[in-house]
Each structure stands twice: as structure tokens, then as C-alpha cells.
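Asker: In order, the protein sequence lines correspond to chains E and P.
According to our numbering, the residues represented by the first sequence are 24 to 267, in order.
According to our numbering, the residues represented by the second sequence are 28 to 270, in order.
In case anyone wonders, no lab produced these hints; they're calculated from the structure.
In this text the structure is predicted, and so the values were computed from the model without any measurement.
Treat the hints loosely; a few may be bogus.
[Unchecked claim] Here are the simulated DSSO-like pairs of lysine-lysine, each with C-alpha atoms no more than 30 Å apart in a straight line: (1) E:K158 x P:K35; (2) E:K199 x E:K132; (3) P:K35 x P:K215; (4) E:K231 x P:K268; (5) E:K119 x P:K268; (6) P:K268 x E:K37; (7) E:K150 x E:K49; (8) E:K98 x E:K231; (9) E:K119 x P:K35; (10) E:K49 x E:K119.
[To be verified] Cβ pair distances, simulated, as ranges: (11) P:V217 x E:Q151: 55 to 65 Å; (12) E:S157 x P:L244: 30 to 40 Å; (13) E:Q203 x P:L135: 42 to 52 Å; (14) E:S259 x P:V221: 55 to 65 Å; (15) P:L244 x E:K49: 57 to 67 Å; (16) P:V189 x E:K158: 26 to 36 Å.
Positions of the beta carbon are idealized from the N, C-alpha and C atoms, including for glycine.
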Amino acid sequence: MIEVDSLTKQFGTKCAVNSLSFTVQKGEVLGFLGPNGAGKSTTMRMITGFIPPTSGDAKVCGISIIDNPNAAKTKIGYLPESAPLYNDMTVLGFLKFCAAIRGLKGTAKNDAVERAIDTCFLGSVAKQSIDTLSKGYRHRTCLAQALLHDPEVLILDEPTDGLDPNQKFEVRQLIKRLGQTKAILFSTHILEEVEASCTRAVIVDRGKIVADGTPAELLAQSETGSLTDLFRKVTSSDTAHAAA
Amino acid sequence: MSSCTIYKRELSSYFSQPTAYAIIVIFLIFSLGLTFTFGEFMRTGDSSLEWTFLFWHPWVYMLLAPAVGMKLWADEQRTGTIELLGTFPVSTWSAIIGKFMAAATVWLIALILTFPIVATVNYLGNPDNGAIFAGYIGSFLVCCTFLSITMLVSACTRDQVVCLIVSVAICVLVVLCGYDPVTRELSKVVSPGVLEGIVAIGVWDHFSSLNSGLFRLKDFIWFGSIIFVCLLGTSAILSSKRA
Numbered sequence: 024m025i026e027v028d029s030l031t032k033q034f035g036t037k038c039a040v041n042s043l044s045f046t047v048q049k050g051e052v053l054g055f056l057g058p059n060g061a062g063k064s065t066t067m068r069m070i071t072g073f074i075p076p077t078s079g080d081a082k083v084c085g086i087s088i089i090d091n092p093n094a095a096k097t098k099i100g101y102l103p104e105s106a107p108l109y110n111d112m113t114v115l116g117f118l119k120f121c122a123a124i125r126g127l128k129g130t131a132k133n134d135a136v137e138r139a140i141d142t143c144f145l146g147s148v149a150k151q152s153i154d155t156l157s158k159g160y161r162h163r164t165c166l167a168q169a170l171l172h173d174p175e176v177l178i179l180d181e182p183t184d185g186l187d188p189n190q191k192f193e194v195r196q197l198i199k200r201l202g203q204t205k206a207i208l209f210s211t212h213i214l215e216e217v218e219a220s221c222t223r224a225v226i227v228d229r230g231k232i233v234a235d236g237t238p239a240e241l242l243a244q245s246e247t248g249s250l251t252d253l254f255r256k257v258t259s260s261d262t263a264h265a266a267a
Numbered sequence: 028m029s030s031c032t033i034y035k036r037e038l039s040s041y042f043s044q045p046t047a048y049a050i051i052v053i054f055l056i057f058s059l060g061l062t063f064t065f066g067e068f069m070r071t072g073d074s075s076l077e078w079t080f081l082f083w084h085p086w087v088y089m090l091l092a093p094a095v096g097m098k099l100w101a102d103e104q105r106t107g108t109i110e111l112l113g114t115f116p117v118s119t120w121s122a123i124i125g126k127f128m129a130a131a132t133v134w135l136i137a138l139i140l141t142f143p144i145v146a147t148v149n150y151l152g153n154p155d156n157g158a159i160f161a162g163y164i165g166s167f168l169v170c171c172t173f174l175s176i177t178m179l180v181s182a183c184t185r186d187q188v189v190c191l192i193v194s195v196a197i198c199v200l201v202v203l204c205g206y207d208p209v210t211r212e213l214s215k216v217v218s219p220g221v222l223e224g225i226v227a228i229g230v231w232d233h234f235s236s237l238n239s240g241l242f243r244l245k246d247f248i249w250f251g252s253i254i255f256v257c258l259l260g261t262s263a264i265l266s267s268k269r270a
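Input sequences plus hints: build the corresponding full structure.
Answerer: See below:
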């Protein structure tokens with residue numbers, strides 16, 4: 024469903040993503056791990072068509088995001104990192120706008136909005152203005168926007184960032200449930216999340232994949248049986264960069 | 028279709044907040060205030076509205092039009108919603124058109140709300156309504172030109188205040204270039220060729236002819252090309268920022 028083929032992004036002299044390749048199949052939840060600045064968000068932005076890659080290509084359901092961006096974008100639901108929203112709208116208004124822009128009309132639009140509100144437990148704040156929402160609700164509103172058109176591919180950039188433990192649990196359950204019928208790529212810093220909801224995980228560091236496998240395989244790679252130790256072993260920290 | 032959706036969102040955003048109301052009220056106070064004070068509406072007894080009312084519009088627009096357009100892209104970049112817009116299946120152009128039309132609609136409403144002055148001259152005198160209509164079209168085109176300049180600036184920055192200051196500065200320049208007292212002063216220091224160039228940048232040559240009821244193709248081409256170039260520039264800047 025998602026085929027990433029030697030995706031590269033160069034910002035000036037800095038190579039943010041260096042010839043990255045991987046695939047995500049239907050029914051698979053791929054955890055995208057890596058330290059800050061490893062190129063996770065940049066990769067996701069390229070797959071979703073927000074920024075053009077320097078070289079390489081990404082295909083979503085067989086459609087190239089470079090050759091046919093609008094057709095590919097219809098297949099993707101995307102939750103950006105900071106969960107941006109139009110603060111002057113209500114939750115309901117915002118979701119209706121997103122549904123309309125995705126080409127949904129009439130009852131199909133209303134049904135989609137209703138479904139997304141139910142899935143993300145937004146019923147109690149549906150008529151509330153977005154700028155009065157707490158962070159958890161903001162995140163879920165943005166997640167609801169990604170689910171509206173029932174996309175085959177979901178790309179979630181740190182979907183549990185800033186949520187309380189209860190909300191984290193709910194979102195992980197949601198990802199797991201949605202993962203049965205969709206291809207999901209989600210990035211995270213939280214290593215327990217990998218075991219909790221991923222069927223496979225890759226670790227990226229400085230734009231390159233440094234580890235790839237199912238959670239069990241990754242655990243086996245680690246000498247101590249801890250993902251944190253493996254993560255620390257294969258990635259380089261900021262402080263090591265500064266020292267070098 | 029997607030332009031239409033974005034247009035509706037932007038327009039409702041103007042009216043769900045105090046922005047549009049404040050701008051419209053201030054515009055009405057200023058434009059009508061100038062008409063009755065410096066425009067000497069009551070004393071001149073001129074029912075054409077050319078000098079008493081419409082003449083003041085570019086002066087008011089140069090300060091107020093950027094206030095309507097400044098948020099269009101600056102806010103989108105500051106809050107990060109541009110990332111949502113950029114991953115929806117819509118082209119940058121349809122977003123630009125939708126936003127531009129929404130801002131223009133706010134001004135269209137403001138202009139329509141000046142109807143009492145047209146009713147007044149029709150009651151008091153016997154004006155040429157065709158000429159007044161042409162003046163209104165000229166006024167609206169000046170406003171759209173300033174909005175397109177603001178939109179271009181707004182694509183360059185995520186800070187609305189910076190956008191407002193820079194856009195107002197550019198619009199003031201466009202108004203002053205070609206304004207008679209300014210050109211008279213300039214003619215003393217620059218060569219006629221340069222002066223002609225400066226006048227060509229200015230809005231008056233094109234606005235005044237429409238304001239006097241004259242439909243000249245070259246004026247429409249002037250307004251149209253500036254708007255088009257600014258919108259094209261907006262699209263280029265937005266794309267280059269993502270690269």
C-alpha cells in the first residue's frame with residue numbers, strides 16, 4: 024500500500040533523508056522510530072505530498088505522489104506533528120470543511136463526519152470552538168480529520184504526543200483496530216508503543232534505516248532484550264553529534 | 028469545487044470573528060467622513076461622486092485592504108494548517124483563488140453598504156449612474172489590486188504584523204506614485220522618462236479614468252495583470268517554501 028523507494032531530501036547541504044526505502048502492506052502497522060531530527064517528519068511530509076523529494080518516489084496504493092499527487096492524496100489520511108487546526112472554527116465545522124474538500128457531499132458528508140466524531144470520542148465538544156479545546160481534544164480532532172474519507176493509508180506523525188495516559192491508551196487501541204484494514208505508518212518516540220500497537224518497526228537515524236523488523240525481532244537483536252537499549256545502540260544522540 | 032469550499036471557509040472565518048465587521052465599519056466611517064469633510068460634498072453640489080466620494084477610496088484602501096488580506100497565508104503558516112491544506116487533494120491555485128475571492132467579497136460587501144450615498148445623490152440631483160457604476164468598478168479593482176499585493180507579502184512571512192506593515196508600505200507607494208502633487212514635485216528632480224515610469228506604477232492613471240466613467244481596455248489590463256502576477260508570485264513563493 025505504501026511503497027517508498029530511495030526517497031531522498033536535501034536541505035541545502037544537509038541531507039535530512041538519505042535514500043530511504045520501505046513498504047507497508049495492508050493490515051500492517053509500521054512504527055517509525057528515531058531520535059529527534061532523524062528525518063521521520065520529513066519522510067512523512069514527502070509521502071503525503073506536502074514537500075517534494077529531492078530524488079526517489081513514494082507510491083500510495085500504486086499511485087505515485089510525484090506523478091499524480093492529487094489522486095495519491097485522496098488515498099491518504101494524515102495527522103501532522105503539531106495537529107494544526109483552524110482555531111476560528113467549531114469541531115463540527117472544521118470536520119465538515121475537511122469532508123467537503125475531500126469531495127464528500129450531502130448525507131455521505133454528514134455520515135462521514137458523524138462516524139469520525141464517534142471514532143475519536145468528540146461528541147461532547149462537537150459544537151465547541153477549536154481554540155477552547157484542550158490538547159487531547161485538539162489532537163483527536165485532527166485525527167478525526169484524517170479518518171473522514173476512510174482512507175486506505177494512514178500516516179500519523181506522533182499521534183500520542185502530549186496526550187495523557189488514558190488518551191494514549193485509547194489512541195493506541197484505535198491505531199491497532201484501524202490497522203486491521205488499513206496500512207498505517209506512525210512515528211513515535213515512545214518505545215512501549217511499538218510493542219503495544221505495531222506489527223513492524225523501523226528505526227531511522229540521520230535519514231537512514233538502521234533497524235527493521237517485528238517488535239519480537241527487534242527485541243531479539245538487542246542483547247539485553249530491551250528496545251531502549253537497541254535504540255540507544257543503533258542511533259546517535261545529539262550530544263554525540265555535538266562532540267564529534 | 029475545492030476553491031468554492033475554501034472560499035466558504037475563509038468568508039465564514041472573516042464573519043465569525045470581528046475582523047470583517049471592524050473593517051467594514053471603519054471603511055464606511057472613513058470613506059463617508061472624508062466625503063463630508065475634505066470632499067466638501069455639501070458645498071460643491073457635485074452629484075457625480077467622482078471627487079467627493081470615490082476619489083478617497085484608494086487612500087482608505089491603502090491602509091485597510093492589507094488588514095483584510097494579511098492573515099490569508101501568514102496565519103496558515105504560523106499555525107501549521109498549511110500542512111493540512113498541502114496534503115488535501117487540492118491544488119495551490121484553487122486555495123489561492125478561494126482565499127482571494129473571500130477577501131474580495133468582504134470588500135464587495137463594504138462597497139455595497141455605501142449605497143446610501145448613491146441614493147442620496149440620486150435624490151438630491153440627477154447624476155450619471157453609469158459613471159458612478161464605473162467609478163465603483165474602478166474602486167473595487169484598486170482594492171483587489173491591494174489585496175493581491177497583500178497576499179503576495181503574506182505568502183512570504185508567517186508574521187501578520189510584518190505582512191501588514193510591508194503591504195501598507197507598498198500600497199502607499201502605489202497610491203503616491205502618479206498622484207498629481209507628488210508627480211509635480213518629482214518632475215523637478217527626475218527626467219521625464221523616469222517620471223513616466225513612476226506614474227505608470229501608480230494607481231491614479233487607471234483609477235481616474237474609470238472614476239470619470241471611461242472604460243478603457245488598458246486600465247482593465249493593468250489591474251488584471253498586477254493581480255495575476257501577484258497571485259502567480261504567491262503560488263511560486265508557496266511552492267518554493269516547501270521545496
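Asker: All hints are to be evaluated individually against the structure, with a verdict given for each.
Answerer: Right, here's what the structure says about each hint:
1. Using a Cα cut-off of 30 Å, the hinted pair K158 of chain E and K35 of chain P holds, with the two alpha carbons roughly 27 Å apart.
2. Of the supplied pair hints, the one linking K199 of chain E and K132 of chain E holds, its CA atoms being roughly 25 Å apart against a limit of 30 Å.
3. Using a Cα cut-off of 30 Å, the hinted pair K35 of chain P and K215 of chain P is violated, with the two alpha carbons roughly 50 Å apart.
4. Taking the CA atoms of K231 of chain E and K268 of chain P, the gap is about 24 Å. The hint holds against a cut of 30 Å.
5. As the CA atoms of K119 of chain E and K268 of chain P are separated by approximately 28 Å, the hinted pair is consistent with the 30 Å bound.
6. The suggested pairing of K268 of chain P with K37 of chain E holds, with an alpha-carbon distance near 16 Å, which does not exceed 30 Å.
7. At most 30 Å may separate the alpha-carbon atoms for a hinted pair to count; K150 of chain E and K49 of chain E exceed this at roughly 35 Å.
8. For the hint linking K98 of chain E to K231 of chain E, the alpha-carbon distance of about 26 Å falls within 30 Å, and the restraint holds.
9. With a CA separation close to 12 Å, the supplied pair K119 of chain E and K35 of chain P stays within the 30 Å bound.
10. Distance hint between K49 of chain E and K119 of chain E is fulfilled; the C-alpha atoms sit about 28 Å from each other, no more than 30 Å.
11. Separation of V217 of chain P from Q151 of chain E is about 59 Å and conforms to the stated range, judged on CB atoms against 55 to 65 Å.
12. Between S157 of chain E and L244 of chain P the beta carbon distance is about 57 Å. The supplied range of 30 to 40 Å is therefore violated.
13. As the Cβ distance of Q203 of chain E to L135 of chain P is approximately 51 Å, the hint placing it in 42 to 52 Å holds.
14. Range check, S259 of chain E to V221 of chain P: about 60 Å between beta-carbon atoms, so the 55 to 65 Å window is met.
15. Checked against the given bound of 57 to 67 Å, the beta carbons of L244 of chain P and K49 of chain E, roughly 58 Å apart, stay inside it.
16. For V189 of chain P and K158 of chain E, the hinted distance range of 26 to 36 Å is satisfied, since their beta carbons lie about 28 Å from each other.
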